[in-house]
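Q: Working from the sequences, and respecting the hints, build out all of it.
Be aware that the sequence shown starts at 14, since it is given in the working numbering, and climbs by one per residue.
Derived by calculation from the structure, the hints in this document are not laboratory data. Hints should not be assumed to be uniformly reliable.
[What the hints assert, rightly or not] List of simulated lysine to any residue pairs, SDA-like, C-alpha gap at most 25 angstroms:
1) 197 to 294
2) 195 to 205
3) 195 to 182
4) 280 to 294
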Amino acid sequence: MSSLCNYSHPELQITDGLIRQDRGRLFPYNPEFYNNATGLYGPGTIYCWYMLLVSVLASWAFFLADEDGPKKPGLSNDLLGALAYPVFAATDLVVQSMRMLGMKQRALAIFCLRSPEVNLDPFGPFNTTQLDLNHIPPDTVILGQRVVNITGPLTICYSATPFLLILIVGFMIDIDYARDWKPKPSARWVVNVAYGYISLMVTIFHFSLGDIGTSFFIALYEAMLPVMLTVIYLFTAFIGLTFLTGIIMLVWSMIEKNYNDAVEALKALRGCIFFAGMLVVPSMLMIHRDRSTTIPDLGIRVSERDQLATLIVGVVTLTFTVVDVLRNFYRERHREEVADSEMQMLPATESAIANS
Numbered sequence: 014m015s016s017l018c019n020y021s022h023p024e025l026q027i028t029d030g031l032i033r034q035d036r037g038r039l040f041p042y043n044p045e046f047y048n049n050a051t052g053l054y055g056p057g058t059i060y061c062w063y064m065l066l067v068s069v070l071a072s073w074a075f076f077l078a079d080e081d082g083p084k085k086p087g088l089s090n091d092l093l094g095a096l097a098y099p100v101f102a103a104t105d106l107v108v109q110s111m112r113m114l115g116m117k118q119r120a121l122a123i124f125c126l127r128s129p130e131v132n133l134d135p136f137g138p139f140n141t142t143q144l145d146l147n148h149i150p151p152d153t154v155i156l157g158q159r160v161v162n163i164t165g166p167l168t169i170c171y172s173a174t175p176f177l178l179i180l181i182v183g184f185m186i187d188i189d190y191a192r193d194w195k196p197k198p199s200a201r202w203v204v205n206v207a208y209g210y211i212s213l214m215v216t217i218f219h220f221s222l223g224d225i226g227t228s229f230f231i232a233l234y235e236a237m238l239p240v241m242l243t244v245i246y247l248f249t250a251f252i253g254l255t256f257l258t259g260i261i262m263l264v265w266s267m268i269e270k271n272y273n274d275a276v277e278a279l280k281a282l283r284g285c286i287f288f289a290g291m292l293v294v295p296s297m298l299m300i301h302r303d304r305s306t307t308i309p310d311l312g313i314r315v316s317e318r319d320q321l322a323t324l325i326v327g328v329v330t331l332t333f334t335v336v337d338v339l340r341n342f343y344r345e346r347h348r349e350e351v352a353d354s355e356m357q358m359l360p361a362t363e364s365a366i367a368n369s
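A: Right, dumping it as structure tokens:
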């Protein structure tokens with residue numbers, strides 16, 4: 014097992030006579046580790062799934078209220094697609110974990126390939142002798158292929174659980190904003206069942222590894238990674254939009270010669286630069302150093318045809334949702350304006366009738 018973890022750091026090993034391939038981050042000199050990888054968990058497919066998640070959140074958050082008040086989003090194609098993918102991944106995760114039964118140190122192998130920058134010294138002594146990447150033992154290749162394969166569904170399961178948990182918490186909270194948002198029972202039932210099934214399959218996977226301690230660290234790192242990256246990227250996007258808005262305000266105020274607004278814009282830009290220097294830049298450097306990503310290393314490129322096809326499906330779905338949300342928003346706004354104008358005309362009409 015220690016040799017498998019060592020092979021995932023090719024810069025420390027002997028690579029004489031080998032050509033670095035343009036696929037794979039962990040095994041760029043040994044693509045045979047990716048021979049059994051499937052495109053079901055490739056970058057294009059995962060990006061498509063992310064777009065389905067965003068589509069669900071957008072359509073649910075901006076779902077128009079019914080005549081009786083609350084918003085009642087229900088089952089939709091994008092919701093079913095967004096749930097079917099992690100449910101399938103959870104099933105695949107357990108199936109692949111059963112195939113790995115009997116392989117020694119499989120838990121630590123999964124952990125070191127999913128978190129290659131983590132120091133593994135607390136887990137025991139490791140062989141530090143340089144390994145020849147031209148001659149890898151067959152059993153190490155088989156273990157590596159199994160571990161590479163299982164990282165695909167494992168990543169999807171841990172990326173899906175925070176999303177489903179947010180929806181479930183949204184079902185239960187009782188605040189002023191949430192009182193106007195009541196999903197239909199069918200949607201609640203499907204989300205709860207999907208979350209329960211995925212959680213059950215992930216639990217079975219961890220117990221099947223035969224190493225509770227290492228399984229705990231796998232769960233900890235996998236659960237933290239998507240949440241951490243989401244927070245960092247959202248905060249970075251917020252800082253970027255604020256900075257762009259500040260630039261526009263500064264230019265406009267200079268054109269209008271409104272120096273008070275120019276000073277306020279400069280203050281906003283100063284705050285953006287401060288937070289970018291203190292939080293955004295260090296976070297991005299940490300992500301780059303640790304090669305942190307929610308995309309598993311399967312040696313599959315997003316430019317491959319099957320990945321591009323699924324990516325286009327996600328783009329089209331998200332675009333349709335955004336257009337539909339905007340169309341419904343402006344339709345609702347127009348209806349409110351018409352209702353307000355009719356209410357304003359009502360007193361004048363009543364007054365005219367009374368005078369007659």
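Q: Just pull the numbers of the violated hints for me, sorted ascending.
A: 1
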